[in-house]
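Participant: Take a look at the letters that make up each chain.
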Amino acid sequence: MKRFITIAALVFGLVVGVVIAQPTPEDVYKCFAELGVSDLQALQTAFAKGFADKRITPEVALRLCQRLKQTAAPISLREGVLQIIGRALVEELPVTMLVDKAFEGLTKGVPLDVINDDLLERKMTLGEVKTLLASKGITIGLTIRFGTITLQLSQDAVDTAITEAAGALEDYVRGGGKLDDANAIKSAVQLRLSRNPLIPQTLTSYIDQVVSAPEWAQIAQNIAKRLKK
Amino acid sequence: MHEHELESLLKETLTHYVDAHRDRVADLEYEVIEELPTSRPNPRPRWSLIAAGVVAVAAVFVVGLWVGLNFLGAPCHDPDVLCLVYPQAKSVSLASQFTLWEPVPMNGPDRSGVWWIRLPKDIKPGRYEYGFIVDGTRWVYDPRATEFVHTFDDKINSVLYVVPKEGREQP
Chain A
1 MKRFITIAAL VFGLVVGVVI AQPTPEDVYK CFAELGVSDL QALQTAFAKG
51 FADKRITPEV ALRLCQRLKQ TAAPISLREG VLQIIGRALV EELPVTMLVD
101 KAFEGLTKGV PLDVINDDLL ERKMTLGEVK TLLASKGITI GLTIRFGTIT
151 LQLSQDAVDT AITEAAGALE DYVRGGGKLD DANAIKSAVQ LRLSRNPLIP
201 QTLTSYIDQV VSAPEWAQIA QNIAKRLKK
Chain B
1 MHEHELESLL KETLTHYVDA HRDRVADLEY EVIEELPTSR PNPRPRWSLI
51 AAGVVAVAAV FVVGLWVGLN FLGAPCHDPD VLCLVYPQAK SVSLASQFTL
101 WEPVPMNGPD RSGVWWIRLP KDIKPGRYEY GFIVDGTRWV YDPRATEFVH
151 TFDDKINSVL YVVPKEGREQ P
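Same order as they appear, the protein sequences are chains A and B.
As numbered in my numbering, residues 1 to 229 make up the first sequence, in order.
As numbered in my numbering, residues 1 to 171 make up the second sequence, in order.
No lab work stands behind these hints, which were simulated from the structure alone.
Accuracy of the hints is not assured; some may be wrong.
[Claimed, not checked] Here are the simulated BS3-like pairs of lysine-lysine, each with C-alpha atoms no more than 25 angstroms apart in a straight line:
no.: 1; chain 1: B; residue 1: K124; chain 2: A; residue 2: K54
no.: 2; chain 1: A; residue 1: K108; chain 2: A; residue 2: K123
no.: 3; chain 1: A; residue 1: K108; chain 2: B; residue 2: K155
no.: 4; chain 1: A; residue 1: K136; chain 2: A; residue 2: K123
no.: 5; chain 1: A; residue 1: K108; chain 2: B; residue 2: K90
no.: 6; chain 1: A; residue 1: K229; chain 2: A; residue 2: K178
no.: 7; chain 1: B; residue 1: K155; chain 2: A; residue 2: K178
no.: 8; chain 1: B; residue 1: K121; chain 2: A; residue 2: K54
no.: 9; chain 1: B; residue 1: K155; chain 2: A; residue 2: K228
no.: 10; chain 1: A; residue 1: K54; chain 2: A; residue 2: K123
no.: 11; chain 1: B; residue 1: K121; chain 2: A; residue 2: K229
no.: 12; chain 1: B; residue 1: K90; chain 2: A; residue 2: K123
no.: 13; chain 1: A; residue 1: K225; chain 2: B; residue 2: K155
[To be verified] Some residues of chain A that are not near chain B, with every Cβ distance over 10 angstroms (derived):
no.: 14; residue: E34
no.: 15; residue: G36
no.: 16; residue: S38
no.: 17; residue: A42
no.: 18; residue: I75
no.: 19; residue: L77
no.: 20; residue: V90
no.: 21; residue: K101
no.: 22; residue: T107
no.: 23; residue: V110
no.: 24; residue: T160
no.: 25; residue: R226
Virtual Cβ for every residue (Gly too), placed ideally from N, Cα, C.
The task is simple: from the sequences and hints, build the whole structure.
Facilitator: Below, the structure written as structure tokens:
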């Protein structure tokens with residue numbers, strides 16, 4: 001019995017320790033303050049919305065802030081990364097791609113001004129894709145009926161579809177794909193959507209039906225203009 | 001009666017008595033042995049032997065691991081393992097979306113110059129870009145990947161899809 005109580009106490013202590021070790025939003029805001037951002041209140045508000053909407057976790061936000069703290073660059077550039085992501089959160093855009101590109105750029109030693117330009121450009125693409133899909137009624141809560149299958153879209157499914165479509169268009173343009181080949185552009189988007197296991201096949205098929213090739217091509221051309229390609 | 005007379009009388013009496021009962025004490029030794037319990041008490045554990053056994057098992061494990069890593073080669077046939085052939089590298093790390101692009105050192109090289117790393121067991125299904133960092137500076141894509149994308153500075157990322165075992169997730 002004594003041994004059982006000891007083991008139970010150890011397990012309880014471990015669980016409590018793990019829970020306590022999880023970063024909180026307050027840890028993130030403290031890091032922002034230590035970074036010396038110019039508008040702490042605005043960043044706090046934006047990231048608080050992101051945490052509430054579950055588009056970013058305090059753990060990831062804290063790690064990004066810590067990585068930025070280690071970077072030897074002007075504070076305006078370091079803050080710029082957080083501001084772009086913060087604005088995306090306020091606009092209810094998925095930020096996975098932006099956060100990911102920020103980390104990738106920092107790891108590869110890409111200058112922060114280049115990272116900021118990249119994030120800004122990708123944020124615009126995410127916005128355009130979200131607007132296009134929303135114009136087709138593809139928003140959170142939409143019920144799609146495909147034969148016998150009924151699907152109600154979750155935020156995760158919609159956000160992942162926006163992220164993947166935007167990513168496919170970015171990769172197509174950056175990879176030197178032909179901008180006048182609308183069908184190739186649409187195929188690239190559909191292939192990306194179909195390969196991601198987090199996007200239900202029903203949604204991929206629905207997008208294929210309701211979004212035309214020229215509509216995807218228009219966004220690709222906008223990207224090319226922004227990238228001066 | 002003198003003391004020496006008493007002593008000789010006692011000796012004579014005792015000798016006579018023992019001679020009279022010799023046949024009764026002849027098998028006494030065997031009778032006592034037979035009366036003893038047949039099971040022996042448990043010996044104390046031989047800690048030195050146990051310690052030697054543990055050391056031997058550990059040594060076999062370490063040698064086996066070393067032989068496995070150096071002579072049997074990297075487990076690149078395993079779909080959960082990423083590999084890179086780079087014999088001249090001094091170190092190779094994996095950087096990926098699932099590590100938030102933090103470099104994670106890879107195992108190796110084996111005798112063929114192959115570096116390898118096993119995907120985390122708790123990796124979630126999804127699409128992940130990744131690449132290898134050779135000797136801390138050089139970005140190298142995975143030639144075994146089935147999809148590639150251009151990224152910063154025209155570098156190339158490899159792409160990995162992790163599919164849930166139970167099939168496609170529902171929203």
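Participant: Would you mind marking each hint as holding or not holding in the structure?
Facilitator: Each hint tested on the structure:
| no. | hint | result |
| --- | --- | --- |
| 1 | B:K124 <-> A:K54 | holds (16 angstroms) |
| 2 | A:K108 <-> A:K123 | holds (21 angstroms) |
| 3 | A:K108 <-> B:K155 | holds (10 angstroms) |
| 4 | A:K136 <-> A:K123 | holds (20 angstroms) |
| 5 | A:K108 <-> B:K90 | holds (19 angstroms) |
| 6 | A:K229 <-> A:K178 | holds (11 angstroms) |
| 7 | B:K155 <-> A:K178 | holds (20 angstroms) |
| 8 | B:K121 <-> A:K54 | holds (23 angstroms) |
| 9 | B:K155 <-> A:K228 | holds (18 angstroms) |
| 10 | A:K54 <-> A:K123 | holds (18 angstroms) |
| 11 | B:K121 <-> A:K229 | violated (41 angstroms) |
| 12 | B:K90 <-> A:K123 | violated (38 angstroms) |
| 13 | A:K225 <-> B:K155 | holds (21 angstroms) |
| 14 | E34 | holds (20 angstroms) |
| 15 | G36 | holds (23 angstroms) |
| 16 | S38 | holds (26 angstroms) |
| 17 | A42 | holds (25 angstroms) |
| 18 | I75 | holds (22 angstroms) |
| 19 | L77 | holds (15 angstroms) |
| 20 | V90 | holds (23 angstroms) |
| 21 | K101 | violated (8 angstroms) |
| 22 | T107 | violated (4 angstroms) |
| 23 | V110 | violated (5 angstroms) |
| 24 | T160 | violated (8 angstroms) |
| 25 | R226 | holds (16 angstroms) |
The structure fails hints 11, 12, 21, 22, 23, 24 (numbered hints given earlier, in ascending order).
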